[in-house]
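Enquirer: Got chain A sorted already, so can you dock chain B onto it with the hints?
There are 2 protein chains.
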Amino acid sequence: MSFEAAVHTKAIQLDQLCLDMCASAGSGHPTTCMSLGHLVTVLLYHTMRWLPDHPRYPTSDRLVLSEGHAVPIIYAAFADLGAAIGKGTERRPMTREDAMSLREVDSYIDGHPNPMEGFPFFDAATGSLGQGLSVAAGLALAARNDGLDKRIYCIIGDGESREGQIWEAIDFISDHKLVGVLPIFNCNAYGQASTVSDMQSADTLRRKLEAAGYEVKSIDGHDPAAIRDAFEAFRAREADATPMALIARTVKGWGAACMQGGGWHGKPASGDKLQLAHEELSATSVSLTSALAGDELRIYPPDEHTSTRTEPDEPMTFTEAMKKYDMETALRAGKLATRKAFGLALRAIGHANPEVVVLDADVRNSTFTEWFANDKDLANRFYECKIAEQNMYSVGAGLAAAGKIPFCSTFAKFVTRGYDQIEMAINSGANLKIVGSHAGISLAADGPSQMSLPDIAWFRSLSTCTDHRGNPACYVLQPADAFAAYGLTQVMAEYTGACYMRTLRPEVEFLYNESTVFNLGKFEVLNEGRDLLLVATGYMVHECNKALEALDKAGIDATLVDLYSIPFDADALLDIANQNNWHILTVEDNYGGSMGSAVADACTESGDAFTIEQMYVRRIPKSARTEDEILKYCGLHHTDIARKAASMLGVVAV
Amino acid sequence: MSFEAAVHTKAIQLDQLCLDMCASAGSGHPTTCMSLGHLVTVLLYHTMRWLPDHPRYPTSDRLVLSEGHAVPIIYAAFADLGAAIGKGTERRPMTREDAMSLREVDSYIDGHPNPMEGFPFFDAATGSLGQGLSVAAGLALAARNDGLDKRIYCIIGDGESREGQIWEAIDFISDHKLVGVLPIFNCNAYGQASTVSDMQSADTLRRKLEAAGYEVKSIDGHDPAAIRDAFEAFRAREADATPMALIARTVKGWGAACMQGGGWHGKPASGDKLQLAHEELSATSVSLTSALAGDELRIYPPDEHTSTRTEPDEPMTFTEAMKKYDMETALRAGKLATRKAFGLALRAIGHANPEVVVLDADVRNSTFTEWFANDKDLANRFYECKIAEQNMYSVGAGLAAAGKIPFCSTFAKFVTRGYDQIEMAINSGANLKIVGSHAGISLAADGPSQMSLPDIAWFRSLSTCTDHRGNPACYVLQPADAFAAYGLTQVMAEYTGACYMRTLRPEVEFLYNESTVFNLGKFEVLNEGRDLLLVATGYMVHECNKALEALDKAGIDATLVDLYSIPFDADALLDIANQNNWHILTVEDNYGGSMGSAVADACTESGDAFTIEQMYVRRIPKSARTEDEILKYCGLHHTDIARKAASMLGVVAV
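Chains as they are written, first to last, in our numbering: chain A, 1 to 654; chain B, 655 to 1308.
Pulled out of the complex, with its shape left as it was, chain A reads as follows (with noise of 0.2 Å):
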C-alpha cells in the first residue's frame, strides 16, 4: 500500500508543478501532463536505471516522450529531484525555479524535448508526432551492438499513434526482435480538435499490435501497483521473447475534474481555474494516500560504464579498395557510378571504424550499401529496415544519439519522405548521413516518380542556417566521379553533423584520382579559362566538360568548377569568376533555387557587377530511355550547355 501512496503523492506533486509551469508560460499542455503522471513517476523513480545527476550516462535506461507536449512532467521530475540540466559540459541541478522558466528565451527547458538546449535527459528532439518510436528502435540497436542492457521506455499518445510511422516502427521492432523496447501508449481518448478515432482506442491499439504479433498488456495508467508490475514483466523478458507493448487506459486532466473532457488540449488553466485545478488534485491526493510516502521510491543505478571504444583505422584508399574487392576491371576502364563508390566506401570504412552502421530501405542492391551488409564481418551493423523511409531516418537519429555514425541510403526522391524526420534529427544534433541515390534525371527511364528534383534546394536551405556546433546545419555533397564519392563518404564518416550526399545511376568516367582531396566546403577547378565560369555539380560536370570542347571549337576559353559542396569557399570560387571577366554559368539537374541560387547568392553579397545564368530542370521531366535524351527534354544536354554559354558571349556559332 504505501509504493502506491507513495507513487500517487509525487505524481500529484508532479501534475500541481506542471499546472503552475504551463500557467507561468501562459502556454503548454498540462492536462496531457496529467494523464502521464503516475507512469512519469514510476518510470523515473522506481522502475529506469539511471542516474539523475548524468542523465545521458551511457547505461543508463533510455525514456523517449514521443508526444514531446508532455514534456512538463518530466521537467517537473526533474525539478523535484535536482536532476543535471544544462548545455554542453556545463551541468548542474535543476531548481524548482528553473521549471517556473519554462518556454523562456533563455531557459534550458524547451516547449517540447530538445536536448541540444540544454536538457540532456532527451536522446532526440521530439514534438513533430510519430517519431519516437522509431528514435527508441535505433537506441536499443546500439545498446545491442554495444552489448549493453539497456531498456528503452517510449510513451506515445493515442492520437499519435494514427501517424504511420508509428506502424513502420512497430513492424522493424518485431523484424529486429528489439525486445528492450517498450512501446507505452498513453490512452487518453482525446487528441488536440476532439475525441481519437475508434481507429485508436485503447481497445483497436491492442488489436493492432496483437496482429503485429506483440505480446499486449492494457493496465489502468493511474494504479501504481499495475504500472509498476507491467514494467516489471516487462524488464523481466527474455531476449528471444516477442516483443511487448503497453496499453494506458489514462484521463486527460486527471485528479481534477475541472481540467477534463474536451476543449482543454494544449490549455493552461489561470486564475480562478488554476486555484481550483490545485484543490482537486490536492483532494485526490488526500482520498487517495492514506499513509504518507516516506522514502519508498528508490531510483536504482545503471551498470557501471565502461568504455570499449577504440580509434579508428586509417581506412584505405579508392584504389586499394577497388583491388581489394575485386574491382580492378573498372579500375583500369576508369569508370564507376558514384552510388558503387559509394558503396565501397562504405566498405571499407565500415572495416576502419567499429561505430559506422548502415541502414537501408529494401534498394541496398541498387545504392550498393549491399557491399556493405553483404560482408560477413560488417552484416551485424547493417539494418535492413524494408520500404518505409520516415522509420529508418529516425532509427537513425537513435543510433547517433548513441554515438553510432549512421548511413541512411535509399533513392534521394524518397529521402523526401524522411523530410520531416531529418530536421528533427538535425535539431536533436544527430551525427547522421544521408545518402540520395539515383538523383537527379540521368536516371531518366523510370521516370519523375524516382527522381530527385527539389531536393538540393530544401538542404540547401538546411546548410545556411548553424547548428548547435556552430557548423552548416546539414552539408550538401554531389560528387561528380567515383574518386569523389569514395573521399566524401570517408569525410562523411569523419565529421560530426548531418550531411546529404547525392549519388548517380550511371557509370561516369573518372575525373580525379588519389592525389585529389576532397574536403567539406571545398570545390574542385576541372579546366581553367578567362572568359567563362561554368560551375556545375554531379553528373552535369561531365556534360559541362563535354560542352568544353565545342566551346573551345567557338574560341571560347571557359573554366570548370565542380562544385560538389553546399555551402562552399565563396571567395575563393568569387576569385575565379573575376578571372573569368565575372560571367557564371550555373549547371544543375534539379529544380531551381538550388546551386546556381547559392552561387548567386554569394556574389550578389560581394557588390560586384557580374553576369549570371542558370541552367536547371525547368519542367516537370518524364521517362526517357537513355540519360541523352532526358537531358534534351529538359534542355541540359552538353549541347545547350555550349549553346548558352556561347549565347552570354554574344557567339552565336556554336
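Possibly wrong hints are sitting among the right ones.
[To be verified] Now the in silico label distances, taken between C-beta atoms and shown as ranges:
| hint | chain 1 | residue 1 | chain 2 | residue 2 | range |
| --- | --- | --- | --- | --- | --- |
| 1 | B | Cys-912 | A | Gly-213 | 32 to 40 Å |
| 2 | A | Lys-546 | B | Pro-966 | 35 to 43 Å |
| 3 | A | Gln-579 | B | Thr-749 | 51 to 59 Å |
For the record, the hints were derived by calculation from the structure and aren't laboratory data.
For glycine and all other residues, C-beta sits at the position ideal for the given N, C-alpha and C.
Expert: Positioned in the frame of chain A, the structure of chain B alone reads:
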C-alpha cells in the same frame, strides 16, 4: 469453365506483351506485372464498369495502381483493347506499337503511371510507394459527395504495405466508411532486395486488416473464379457495411519458372531468357485452357453521366464575411490573425463554390478550418484526417482528380511530412491547395519542433519549374495581413494548380483594405522611398513597417515591398530597386535559399550592379515566450532590421 479459360488466355497474352515491352525498353518490372496478370484481366475485362474509349468518364469505376512499377500490365490491356491514350483533349486508340514505345521520351506511356503525359486512365501519378490507397480514398469521398455509385479498386504491393501511409489510409477509409474502396494486396512475397518481412506476409496483413475492423478475403490471385467472386462480393456490399480488403496470394513471374524467385525484381528478360519465358508462358496457357475464350469476357459500361456542376457564386468580401459571421469587434479593432482570415475565407468560399472541400489533421481549432467544419451547410465537405499528414495530401490528390478543390490544412511544420505526396500530386496535375499555419518563428513558445523553416525553399524550388499546363508547378503565398490571407484564399480557389500558403499564429494589424487586389505573381508596395528597398513577407512585413520609423528618424527614406507571392513580377520589382539606387534588403523568418534568394536570382539575371543583403533565420531557433524575444534571438527584430538597413547605407546611428 470458359470464363476461367478466357481469363487465363488473356492474362497470359498480357504477361507476354509485358515481357516484350520491358525487353524493348531495356528496363521495367515484368515479373511484378506477371503477378498481376489475372487480377488486372478480371478487373479491366469483366468487373470494372468503364469505357475504354473514354478512360476518365466521370461515372466509371476507377483503378489506382499504387505499386506503380507494375504499370506495363495496364498498358498491355490498353494496347489489347485499343483503349484511348493521348495528351489533353487529343485521344486515339492505343496500339501494340505504342506499347513497344514504353519509356521512350516521346511516348505516352511512362515508366510509372503518369496521367499528365498521355495516359488519362490514371487519376494520379504513382511510383513513389504507399500513396495509392489514400488517392483511392479521395476518389471515393468525391464520388459520395457527387452522389455517384463508383467503385475504386486499389492494387498495393505487399512490400509496399510496409509504408505507414497505407495504414493511415486504412484508418481513414474506416473512419469515413468508404466501403466503395477495395484495397487489393498483391502478396507475391518479394520486395526489391529480398523477400518481404513476415510483418508483410499474407497472413500478417490479414491479421492487421482484421484488427482494423476490415472484412478480409484471401484468395489465390491467379484463380479467375476466385478473383471474380471476391470482386462480386465487394460490389454487392451495402453502403453501411464495414470496409473490405482483398489479400491475393500471387507469384512474381507467374507462368514462367525461369523468372521466378529472388533477383528478378525490376529486371527485363532478353535474348534466350526472354524466349524461354515466352515458351513457358505459352505452355502454361495450353495447360490451363482446355477451351478457347470466345467472347466470354465483356466490359460493362458505367451509368451515363449527367453533369450537375453549376458555376460558383461570387463569394463575399472580407468585410461582408466579418460582419456576417459576428466578427465586427475584430473588424473595428483592425487586427486579425491570418490563420483566422483563412478560416473565414474558406467558409465564405465554401458557400459560394460547392466543389471546395477542406481537410485537416486534428488541428482545425488552431488552423481555423473549424469555421468551415462547424458550419452545418459545409460540414459534409470537411474531412477530418486525424494526425496523419501523408494520407491527407494523397486524399487531396484523389479529390482533385475527381474535380474537387481540396484545401489541405495543418501546421506548416507538419506539411513537411507530406512533401513526397505533394510532389507526386503536382506530377499528377492535381489542383491541390496546401495551407500551413503557425509558419516561421512567430509562434515562439512551442519551439522549433513546431516551426516551419526550410518550407519556403522547398516550395520555391517547385515554383521554378513549369507544370503540364505551363504554369509554375507551385505558387508560394505568404499573406501579411487578414485582407491578404482572405483574398489569396479566394485566388487559390479560382486558380487551377498547386499553391502553398503560409498563415501565422499571432494576431496582426490590417495593412490593406477592400480595395487591395491580391493576385498570383504580384506584390504590394507599402511605402515608397528612394534610398533602400526593403522586401519582406508574412510576419516580417510588420517588423519592417516598424523599422521604417527608425530609418525615417535616421534620414533614410526606405521603400517597403510586401512580396507575398513567389514567383513574382521580377521586372516590376527591379524597377523599384532601380528607384532605390539598387540597394535591397530582404527580410524573412525562415532559413535561407528562400524569398531573399529568389530576389537575388531576379537581380542577377538583370546584369545590373546592385547590393543585396538577406536577413533570415541563421541559427536553429528555440522556444521563447513572446514574438519579440524569438525575433531578437534570431536577429530579426525590427531594431535589427533598421540597424542592418542603415549599415548598408553607411549610417550607423539607428
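Enquirer: For every hint, state whether the structure bears it out.
Expert: Hint by hint, here is what the structure shows:
One distance hint, 32 to 40 Å for the beta-carbon pair Cys-912/B and Gly-213/A, holds here, with the actual separation near 35 Å. The hinted range of 35 to 43 Å is not satisfied by Lys-546/A and Pro-966/B, whose Cβ atoms lie roughly 53 Å apart. In this structure the hint that Gln-579/A and Thr-749/B lie 51 to 59 Å apart at CB holds, the actual value being about 57 Å.
Going through the hint list in order, the structure does not satisfy hint 2, though it satisfies all others.
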